[in-house]
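A.B. asks: Following the hints, complete the assembly by docking chain D onto the known chain Z.
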Amino acid sequence: MDKMPKWADVILTPLISLILAMGFSALVILAIGESPWEALKTMVQGALGSSYGWGFTLYYATNFIFTGLAVMVAYHASLFNIGGEGQAAMGGLGVALVLLYLPLPHWGLALPAAMIGAAVFGAAWAFIPAILQAKRGSHIVITTIMFNFIAAATLNYVLVNLLRPVGSMDPATARFPASTNLPSLTDMAAAIGITWGRNTPANITFLVAVLACFLIWVLIWRTRLGYQIRALGRSEPGAVYAGISPVRITVIAMLISGGLAGLMAINNVMGEAERLVLNAVEGAGFIGIAVALMGRNHPLGILLAALLFGFLYQGGGELALWTSIPRELIVVIQALVILFTGALDNMVRMPLERLFLTMKRTSRGAVK
Amino acid sequence: MTTASDMLGGRSDTAAPAAIELRGISKAFGAVQANRDISLSVPRGTIHGIIGENGAGKSTLMSILYGFYKPDEGQILVGGRPISISDSQTAIRAGIGMVFQHFKLVQNFTVLENIILGVEDGALLRPSLSKARGVLKQLAAEYQLNVDPDEVVENLSVGHQQRVEILKALYRQADILILDEPTGVLTPAEADHLFRILKGLRDEGKTIILITHKLREIMEITDNVSVMRRGEMVASVRTAQTSPEQLAELMVGRKVLLNVDKQPARPQAPVLEVRGLTMVDIDGVERLRGIDLDIRAGEILGIAGVSGNGQTLLLEILGGYPGKGAKVSGAVQMNGGPVPLSGRGCGAGARRRDGVGHIPEDRQVEGLIMDFTAWENVAFGWHDAPEFNKGWLMDNVAIRRDAQAKMERFDVRPRDCHLAARNFSGGNQQKIVVAREIERNPDLLLIGQPTRGVDIGAIEFIHKQIVALRDAGKAILLVSVELDEILALSDRVAVMFDGRIMGERLPGQTTTGELGLLMAGITDTQNTPAEAGIPPETTHDLPEGRA
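In the order they appear, the protein sequences are chains Z and D. All letters in the first sequence, in the order written, are residues 10 to 377 by this note's numbering. All letters in the second sequence, in the order written, are residues 711 to 1257 by this note's numbering.
Just chain Z, with the same shape it has in the complex (with noise of 0.2 Å):
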């Protein structure tokens, strides 16, 4: 059967999907009698019209590269992990424990102990409700679901009890030890000489995270083990006739997941935050999901959502502060965003294919 162009599929159908969200978008605002004009010009301006803007939209877009790519590799085993938040938050506790009790001397040396102990921590609380797919049938989408409310309660408790440090009545960790804090974005450019994204909470997480989208791509398309996954997720049997052992991968897959949604917490915990706070997390784990989708599953394409949906973050910030748009309605676009590009896909992209194959078919009949 014929395809429309490789183009229209992953450039035309998401942006036909992000203008119909932004017409929805315009129509909420204008029933709440403001300016959709002026909204989108507060937005873009805000987000991407400084170095500040754009500090902001980054660290936002690193959150949702690491957790857009744990559902993306999970998804290749049609496994359908919604357990990033959860694992993002374990993710945390992984980095604050590194951090408060091994002596780093320096960040060159904190960060990838942080890195480990960010992913064995999210890869752990994967690895349950992978062992229970794997072995038992429990379906992924329930277990991992849970398994968010178990962490945020384990959080709260572990916080609250164990961490809090003595006399203070916020429920996180001390601060992290100052050696070991990751140099700014701000840094960097300054190191180069260039002001940059002054106060803005971009750091070089954002370039592991696209480090992170490179390798993601090898392991998945030029590694026998991403092979194997991709296989499992077309067709158990399949895999089975083939020697793939669905247990063995299933759980391969999920353990690598949840440890890239484990190492989102390099980024807000120990890059921006220097501690561990309560609800660290903030939702990036179910914006992945949106942004896997978005991006088609592949590393690029959730590079590019990522940043959309930093520019969304930030720009909704933006426009809570400076119009009277209430922040709620901010959530209104995101979801309609997430709703069009994610959840109605299909929409956009079946007519967009008919509407090729009727030309591909027309022009033919021409030459003829």
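Honestly, the hints are just simulated from the structure, not real lab data. For glycine and all other residues, C-beta sits at the position ideal for the given N, C-alpha and C. Be aware that one or more of the hints could be misleading.
[Said to hold, decoys possible] With a Cα cut of at most 27 Å, we get these calculated DSSO-like pairs of lysine-lysine:
#, chain 1, residue 1, chain 2, residue 2
1, D, K814, D, K909
2, D, K841, D, K814
3, Z, K369, D, K780
4, D, K847, D, K814
5, D, K1037, Z, K144
6, Z, K144, D, K1034
7, D, K909, D, K924
8, D, K1037, D, K924
9, Z, K369, Z, K144
[Said to hold, decoys possible] From the structure, some residues in chain D lie toward chain Z, with a derived Cβ separation under 10 Å:
#, residue
10, S840
11, Y881
12, N1106
13, A1108
C.D. replies: Frame of chain Z; chain D shown alone:
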């Protein structure tokens, strides 16, 4: 065989309108022209066969008749009146009934409940059920369509389930019955019974369209036959005035060898020895009951049987992957060494390393990953092979080179290894699997349904490859529900029924009738296993070649 010419034109007056007539039907899916300008006229009271290779457009044409697809162009006339069939309800109202290859029955409903499903007369079931019971009794008497109306469908044999499908169509007052590959799942005896039913229906004035790829069936029961090739109707002839050879040539567009050329086998040392192989599935049901088999190097052991009698499980166990929760016992030896049947050392990967190749029964579910490209599929199952890997990474360049060469040697078309497996026709998909498994030069090749859904041209090619592997001194276990194929290829034939080997025969010294009895679980008195070691005669005609 009934003299078909007697029936031509049907019982009604020749001037009467055809039961169904197609005029210039065309249908395209994207760039693929599935049906091109098809015209066909089926007189009332005849059996009309439609044959063609896979992808010739038969199924599309029938789907148009049943309202699943709308034709791009053309006209359909039923009983002389043009109608537009927009959905299956319209088709049913126009008197068209369809019996699909895969039955559309609710497994845990009774026969009666299935029959009235969708045509209940009111909110209460009882009146409909009792009405259906009456009609059913009448139909059963008229057409030898006996089925217990109160039996739950899942307890019925496949042949009986098919009768329920036919009854469903008749209950909806179908005058035109379309059957899509109806004998694929039947034993020879069941198929014979089906043909008697169909002849009875025809004699009562019903019109029957039979879609099949089996030339023998066409010759046996149709009055007229139409041949499709690449979306076009290339010929419509009276069955009595044609021959299987001519039909095959029309289907493929060139002369086709209908029999397999092979020399007598020269079997050597045993490669596979199976003793008392028993398998109990996850539900505690004994599915294999003490299988004993020997396969020697340089011979083909064929396993005949109606599907679902344990052949699939046997292939899976020998291929290293017994189903989930299955308990396997017995002893299997390969090349003199024991083969572990469970735990560590049991697995498809381990079997491959021992020199087992496996062409699985269902290429779309097991043999290929349909969304993978052809080159990715060439590494499927062999992705651990050193020549496909470079350290941590897979050597995609080497895999592609290998894939392209295999596609060249096995004439896979289109010869584009970047195309997804699902975009190849059934025959070409199967060639990819066959190339992958045979070119590994396995000591033992397990083959399940090598030519299911494969066109004649590709069947010929695949059969040649299998025989060539045998002549290279390899052991081959062939499972097929096509008796013709078993008889043509095998050096020895074992018949499986209900998890047992019912008996072993030499293909030259048995008949389809005898094998058919064994397939139905009936052992005759002279049940002596075939003498091993006597090579069978050189060439076996496919029975369809005899007609």
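A.B. asks: Now look at each hint and say whether the structure bears it out.
C.D. replies: Here's how the hints hold up against the structure:
Our distance criterion of 27 Å between C-alpha atoms is met by K814/D and K909/D, whose separation comes to about 24 Å. At roughly 22 Å between alpha-carbon atoms, K841/D and K814/D fall within 27 Å of each other, so this suggested pair holds. Between the alpha carbons of K369/Z and K780/D the distance comes to roughly 20 Å, so the proposed pair stays at or under 27 Å and holds. Restraint check for K847/D and K814/D: satisfied, since their Cα atoms lie roughly 22 Å apart, inside the 27 Å limit.
Taking the CA atoms of K1037/D and K144/Z, the gap is about 17 Å. The hint holds against a cut of 27 Å. A hinted pair counts as satisfied when its Cα atoms are at most 27 Å apart, and K144/Z with K1034/D qualifies at roughly 11 Å. A hinted pair counts as satisfied when its Cα atoms are at most 27 Å apart, and K909/D with K924/D qualifies at roughly 18 Å. Taking the CA atoms of K1037/D and K924/D, the gap is about 38 Å. The hint is violated against a cut of 27 Å.
Proposed proximity of K369/Z and K144/Z is contradicted: the alpha carbons are some 48 Å apart, above 27 Å. Hint on S840/D is violated. Least Cβ distance to chain Z is approximately 43 Å, over the 10 Å limit. Interface hint status for Y881/D: violated, as the beta-carbon distance to the closest one in chain Z is roughly 36 Å, over 10 Å. With 10 Å as the threshold, the beta carbon of N1106/D comes within range of chain Z, its nearest partner Cβ sitting at about 7 Å, so the hint holds.
The beta carbon of A1108/D comes no nearer than 13 Å to any beta carbon in chain Z, farther than 10 Å, and the hint placing it at the interface is violated.
Figure legend: structure checked against the earlier numbered hints; hints not met, in rising order: 8, 9, 10, 11, 13.
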